[in-house]
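Taken in sequence, the protein lines are chains A and B. Take the first sequence: its letter number 22 is residue 19 in the working numbering, and every next letter is one higher. When you read off a place in the second sequence, starting at 1, and then add 338, the result is the number in the working numbering.
By construction, these hints were calculated from the structure, which means they are not laboratory data. For every residue, glycine included, the Cβ atom is placed at its ideal position computed from N, Cα and C. Just to be clear, a hint being listed does not mean it is correct.
[As the list claims (entries may be wrong)] Computed footprint of chain A on chain B, listed as stretches where at least three residues anywhere in the stretch have a Cβ under 8 Å from a Cβ of chain A:
| # | region |
| --- | --- |
| 1 | 347 to 359 |
| 2 | 365 to 372 |
| 3 | 397 to 404 |
[Said to hold, decoys possible] With the Cβ distance kept under 8 Å, some of the chain B side facing chain A (calculated, not the full set):
| # | residue |
| --- | --- |
| 4 | Gly375 |
| 5 | Leu377 |
| 6 | Val386 |
| 7 | Gly391 |
| 8 | Gln394 |
| 9 | Leu421 |
[As the list claims (entries may be wrong)] Pair by pair, the computed Cβ-Cβ distance ranges are:
| # | chain 1 | residue 1 | chain 2 | residue 2 | range |
| --- | --- | --- | --- | --- | --- |
| 10 | B | Val401 | A | Asn(-1) | 16 to 24 Å |
| 11 | B | Met339 | A | Leu13 | 28 to 36 Å |
| 12 | A | Thr56 | B | Ala412 | 19 to 27 Å |
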Amino acid sequence: MNAWLVAATALLAGYLPCLWVCLRGTLADALVATQLAATVTVLALVLLAEGFGRSAYFTPAIVVAALSLVGGLVFVRLLGERRL
Amino acid sequence: MIAALLGLAVAGTLACCLGLLLKRDALDRLHYAAAAGTLPPAVVAVAVWLEEGLAQPSLNATVVALALLVLNPALVHATARVLRKP
């Protein structure tokens, strides 16, 4: 256990507000919450990669950072046609 | 020093999550979602550089921070355009 793993664990608490907004908010609120959850995911993956001391674990973080843009744009494109 | 930087990054991200929860309007929430992709990743990248020096993990963390710094605003902008539509 090191500071990196402790920080990654603490960062997981950031999912709770995002989950709450996704469940209780409007479609627009849920879209914003998923974007923030993706950012939290990327940061947690970076902290875990450094905590475990394996540089290969940075790859999922990079992939999630790129794919969160793609997925977010897909949602925005499809949901934009509806009234949010 | 590294623990302090990590604490700062985590606190900043959790503050953005708290702001997302407390705000009522989607556009106001978008501000906090955007903020989480700017400073915390950079602080984490600095912490990795202090820990590893010039090494592969440092470069990886820098790439991740730059990716978030560049890609997140594009997504936020696209989302804001859709949310702003009457």
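Going down the list of hints, with the structure as the test:
With 9 residues having a beta carbon nearer than 8 Å to a beta carbon of chain A, the region 347 to 359 of chain B meets the requirement of three or more and the stated coverage holds. Counting residues of the region 365 to 372 of chain B whose CB falls under 8 Å from any CB of chain A gives 4; the rule of at least 3 is met. Using a Cβ-Cβ cut-off of 8 Å, 4 residues of the region 397 to 404 of chain B lie near chain A, which meets the minimum of three, so the contact claim holds. Evaluation of the Gly375(B) hint against chain A yields a held restraint, the C-beta minimum of about 5 Å falling below 8 Å.
Checking Leu377(B) against chain A: minimum C-beta separation of about 11 Å lies over 8 Å; hint violated. Given the 8 Å rule on beta carbons, the hint for Val386(B) holds: about 6 Å separates it from the nearest Cβ of chain A. Taking 8 Å as the C-beta cut-off, the interface hint given for Gly391(B) is violated, the closest approach to chain A being about 13 Å. Among the interface hints, the one on Gln394(B) holds; its C-beta lies about 4 Å from the nearest C-beta in chain A, closer than the 8 Å criterion.
Against a cut-off of 8 Å between C-beta atoms, the interface hint on Leu421(B) holds, since the closest Cβ of chain A lies about 6 Å away. The given range of 16 to 24 Å is respected by Val401(B) and Asn(-1)(A), whose C-beta atoms sit roughly 22 Å from each other. The beta-carbon spacing between Met339(B) and Leu13(A), approximately 29 Å, falls within the hinted interval of 28 to 36 Å. Checked against the given bound of 19 to 27 Å, the beta carbons of Thr56(A) and Ala412(B), roughly 22 Å apart, stay inside it.
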